[in-house]
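Engineer: Read off the chains here:
2 protein chains.
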Amino acid sequence: MTSEQTIIASAVQSWKQNVERAGKVFSGLTDQQLQTEVAPGRNRLVYLWGHLTAVHDAMLPLLGLGDRLHPELDAAFVTAADKAVDGLPSAAQIKRYWDEVNGHLMAGFGKFTTSDWAGKHTAVSDEDFAANPLRNRLSVLLSRTSHLAYHIGQTALAPK
Amino acid sequence: MTSEQTIIASAVQSWKQNVERAGKVFSGLTDQQLQTEVAPGRNRLVYLWGHLTAVHDAMLPLLGLGDRLHPELDAAFVTAADKAVDGLPSAAQIKRYWDEVNGHLMAGFGKFTTSDWAGKHTAVSDEDFAANPLRNRLSVLLSRTSHLAYHIGQTALAPK
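Which chain is which? The protein sequence lines are A and B, in order. Per the numbering used here, the very first residue in the first sequence carries number 1; after that it's consecutive. Per the numbering used here, the very first residue in the second sequence carries number 1001; after that it's consecutive.
Everything labelled a hint here was simulated from the structure, so no lab data went into it. Computed from a predicted structure; not experimentally measured. It is possible that some hints are incorrect.
As the list claims (entries may be wrong) - Calculated pairs, SDA-like style, for lysine to any residue (alpha carbon to alpha carbon, straight line, at most 20 angstroms): (1) LYS16(A) / PHE129(A); (2) LYS120(A) / THR1006(B); (3) LYS1160(B) / ALA158(A); (4) LYS1120(B) / ASN43(A); (5) LYS160(A) / ARG1042(B); (6) LYS1016(B) / ARG135(A); (7) LYS160(A) / PRO1040(B); (8) LYS83(A) / PHE109(A); (9) LYS1095(B) / LEU1034(B).
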């Protein structure tokens, strides 16, 4: 591997480790356990799982990897706060979406070259990207990795 | 900037944004506010701040940037759990250490080339690194960025 291939592989590995860690936290819980709030009056685990799934789904068009698979998740898990919407998907449904969305992302990442990663994401104009080349695909990946780790840290506080 | 320079700059930016975010969370709090637990019976904010400072301090030798500045922090903030040790440093002291340690790291990062980032960290042998080139300096940076984001997420749950 060249230095730049190694560096990209390290960033993708960091993403993957966090996805797997979150998957382990959430997948082992029943629908009832997912109703637990991470701290008194704060988000329930089910909300965080759906929220992360929705945010990852939105990475597909942002990175130029195609349309969203589950834009309908935003109403319950992004636009609305927890407990504002009734009738959330079941644990089994969210797990299916989670695996599907993260699988699509990993497949897409495998095809990116270094210059794809350094290239602009779809939500920035050519002019803005010329002014700030850090608005690239890799920055999206790193920002979403931090977002994921941020919420994993919260799940660790939920009463068992 | 070449693609590889852009990619390294994105990773360092992600680290820096998380360090600044944590700095804002903790620096605005009094010694008394830092006594707040992030959730009932869990770590206090002061412990998380000292813990992050100690873990970042340990990155200096791990990345080949020199000796630790504050190895004495480990006894209270890494080896021991929260509330197991009396007489923690004051908020003003931790802030001084935090700024000093993160300043040293940023100065070191500014001198690394792409191949330095792709090179092995100091806790892996030549043989193990040859078998797994992802045990490089950039992976340390990304892993510590996730660790930082994980605990920032927890601070957001502390009662105000």
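Engineer: If a hint holds in the structure, say so; if it does not, say that too.
Structural biologist: Each hint, compared with the structure:
| no. | hint | verdict |
| --- | --- | --- |
| 1 | LYS16(A) / PHE129(A) | violated (27 angstroms) |
| 2 | LYS120(A) / THR1006(B) | holds (11 angstroms) |
| 3 | LYS1160(B) / ALA158(A) | holds (18 angstroms) |
| 4 | LYS1120(B) / ASN43(A) | violated (40 angstroms) |
| 5 | LYS160(A) / ARG1042(B) | holds (13 angstroms) |
| 6 | LYS1016(B) / ARG135(A) | holds (15 angstroms) |
| 7 | LYS160(A) / PRO1040(B) | holds (13 angstroms) |
| 8 | LYS83(A) / PHE109(A) | violated (34 angstroms) |
| 9 | LYS1095(B) / LEU1034(B) | holds (12 angstroms) |
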